[in-house]
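Visitor: So you can see what is in the structure, the chains are spelled out below.
Number of protein chains: 2
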Amino acid sequence: MSEQDNLNHLQTITESLEAGTTVQIRYLLNGALPAQDVARLLESSPPKERKLLWELIEAKNEGEVLQYLSEEIGVQFLKDMDTERLIAVSEHFESDDLADLLQHLPETIVKEVLASMTAQDRMRLEALLSYSEDSAGGLMNTDTITIRPNITLDIVLRYLRRHSKLPDMTDSLLVVSRSDRLLGILPLTRLLVSDVNLTVRDIMETDCTVIKADTPANEVAQIFEKMDLVSAPVVDGTTQKLLGRITIDDVVDVIRDEAEHSMLSMAGLDEDEDTFSPILKTTRRRAVWLGINLVTAFIASYVIGLFQDTLDQVVALAILMPIVASMGGIAGSQVLTLVIRGIALNQIGSANARWLLNRELIVGLINGLLWATVIAALTAVWFDNIKIAYIIAGAIIINLLFAATTGTLLPILLKKLGIDPALAGSVILTTVTDVVGFLSFLGLATIFLI
Amino acid sequence: MSEQDNLNHLQTITESLEAGTTVQIRYLLNGALPAQDVARLLESSPPKERKLLWELIEAKNEGEVLQYLSEEIGVQFLKDMDTERLIAVSEHFESDDLADLLQHLPETIVKEVLASMTAQDRMRLEALLSYSEDSAGGLMNTDTITIRPNITLDIVLRYLRRHSKLPDMTDSLLVVSRSDRLLGILPLTRLLVSDVNLTVRDIMETDCTVIKADTPANEVAQIFEKMDLVSAPVVDGTTQKLLGRITIDDVVDVIRDEAEHSMLSMAGLDEDEDTFSPILKTTRRRAVWLGINLVTAFIASYVIGLFQDTLDQVVALAILMPIVASMGGIAGSQVLTLVIRGIALNQIGSANARWLLNRELIVGLINGLLWATVIAALTAVWFDNIKIAYIIAGAIIINLLFAATTGTLLPILLKKLGIDPALAGSVILTTVTDVVGFLSFLGLATIFLI
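Line by line, the protein sequences are chains P and Z.
Taking numbering that gives the first Met the number 0, the leading residue of the first sequence gets 0, the next gets one more, and so forth.
Taking numbering that gives the first Met the number 0, the leading residue of the second sequence gets 0, the next gets one more, and so forth.
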């Protein structure tokens, strides 16, 4: 379906719900739309409708839809299920997705689900549950096809034909030793063009990309992007034993989350933030961020308060002072955004930080001079006062230079301190540009005007 | 290499350059590091060093490095090459990447490069050049392996074995009619598990995802994400003829660009923005954004100016007024960010916009009441004036409600008008929260205080 269709179906559903009929909705949810689209519809619905739609999905289709739902929403539905249903539904899942979901459910239920599985599946799943969700171990699947190095391709082809289906996104067979150590990979594209009398050892790739189970998810994503991989084997860091494989579809989710993380964090939002979260949950999250920013605002007000006498004498200063603070804030957050992205892409380190700071200072100076002139001219005309024009020009240049320095160095420093620059950066930057803006403008005014 | 290595190598290079020796750098760039890593090093270097490093790369390695460089940087190097070198280098490229690069080079050079190619390659490339870079046609490769439906799998396997290598990321063979119309796909994983005496027609998938050449790139990305694809065939929208195929590695770039787009646009930055752009280029781009925001700042100042007399009588108002504006700005940009992401993911339409606005108004009201109380208490203590405390509380609540309304409706409206909400949204929102903040606070003060 075209992507606009999601919104069209939503419209249909809303209208049906308002009219009080569910025939068409049932039809859409149970067969007319693929499970992926049903999941998108649920994600695009407010909580109450979402629950209603979920109840209209037939039990036999629930498992498939859940598979495509975002984790936060999926877990909510799973929590309401009885254990028997949960066990039935869990059979639809790939091992990595199931592990992710189980991590959010109560211990007792997890035990029951595990008890329902075959010994082999249970062992595999328990192994997955032992890794953090944000590591290669948490991203991997255990459904690999392994072969031994000393057999001929002819035997490999016959072995494959004994399967009724290969796991999704199988682009390589994994070559392992008798003790399950990874020896190399055999890409299907290579298998298909090679002489069937050769052995696996003759044509396997031994310099393939291998990922250790404790590699952080964002590093896994960068490796996939750089090497253009479809899948990669995961091994235990110490024993080199094969544990599973990571496929690009899971990595794509990591890439999207990672790229969105900076944008959402800068506004104090969570990347798991569900667009249609219920009111109380949303209010609580937002309140924290507003509270943090209130501290910033009061610091700025305190600085203004220091110049109460000056303001009392020249009211024009009160009118103009937000301009100085806001230009600094805009200039600073441009630099901050750029540097935060550079750090996320591992582009910025001490080797080039100095160059970057220099460039930003020069850019800040040129733009400072340019806009200081414009603002001074406008001020001189508006208030018919050349002295205030000079003062605001000076303050703008000072604030833009501080904005450039803070925007460049702050995220680098925060990163070194182990603090997420996207989350803390914008609050601190605003504090700096507000304080410096008011301080320089009102300070210069106190010196030269009063 | 681990991702930290990029920064370590950078450090080595900077130190070598400072010491004036290039032996170690040459060694790193020409063989010691894979081409992907050399490309990352160039991207992480300031312009002057970047040029120096490029000159140290041997001619025979240039083509491979260029392949991995970001487009903006690659084009700069290509522009400085003579045509003969350019032709030699162009042989390293996949057809889609080459088409993207050629679009940025002068017409005369493009003609010479085209003239150097075989008739078949030229025709393919000319076809690619006719599509926009941001469409499925611009993303696709022309290196497909096509088969006919009526042959047996045994013949398919023998046909494949005549190739020395299959194109990268080949996960399916494309089944076409005599007139090149796409009939279905044959996944390699299915080919490998099926009886070799069956025909292609017996086992091919006919309900596979097919992408039309004029589909926008962001829609292609959503289709890949939803359907968990590795590659998908591209056809002409009217004739249904097979044109090429899109592979996940190119889609991953689209997904990253798209997710970064919102963050960068909200700060007035370009998603092609190179972290190490030279000074003049950076200054020019930033200046435009500062200029636009200056208009906002002057509008806010104008509003303050309307209350000159009030400010003249009660200086405390000047000290407190930035708090009202800033709390509105923060609350508004949280909503704005969330809605912009929801729109980008096609989650928000008229069916759920009303629910969203209601939620945001309630969230704004609760947070408004909460923080208005806190701010009023602090104000009452600070200025020992209960009247100002009531006034600021009222202004905060009013501004937070306006912020919620603007944050929700503005991006939806901009989207309908065909304006990028990420780019224009934050400027307009700040104008609204500044104006409403100052107007409500100083307005209430004028009514109740003077």
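Think of the hints as simulated: they come from the structure by calculation, not from any bench.
Possibly wrong hints are sitting among the right ones.
[To be verified] Covered stretches of chain Z, going by a simulated chain P footprint (3 or more residues, C-beta under 8 Å):
no.	stretch
1	137–144
2	353–366
3	400–407
[Stated by the list, open to error] In silico DSSO-like pairs for lysine-lysine, Cα to Cα no more than 30 Å straight-line:
no.	chain 1	residue 1	chain 2	residue 2
4	Z	Lys225	P	Lys211
5	Z	Lys414	P	Lys47
6	Z	Lys414	Z	Lys280
7	Z	Lys414	P	Lys59
A virtual CB, placed ideally from N, CA and C, is assigned to each residue, including glycine.
Visitor: Against each hint, give a clear statement of whether it holds in the structure.
Guide: We went through each hint and held it up to the structure:
no.: 1; hint: 137–144; in the structure: violated (count 0)
no.: 2; hint: 353–366; in the structure: holds (count 7)
no.: 3; hint: 400–407; in the structure: violated (count 0)
no.: 4; hint: Z/Lys225 - P/Lys211; in the structure: 28 Å, holds
no.: 5; hint: Z/Lys414 - P/Lys47; in the structure: 27 Å, holds
no.: 6; hint: Z/Lys414 - Z/Lys280; in the structure: 29 Å, holds
no.: 7; hint: Z/Lys414 - P/Lys59; in the structure: 38 Å, violated
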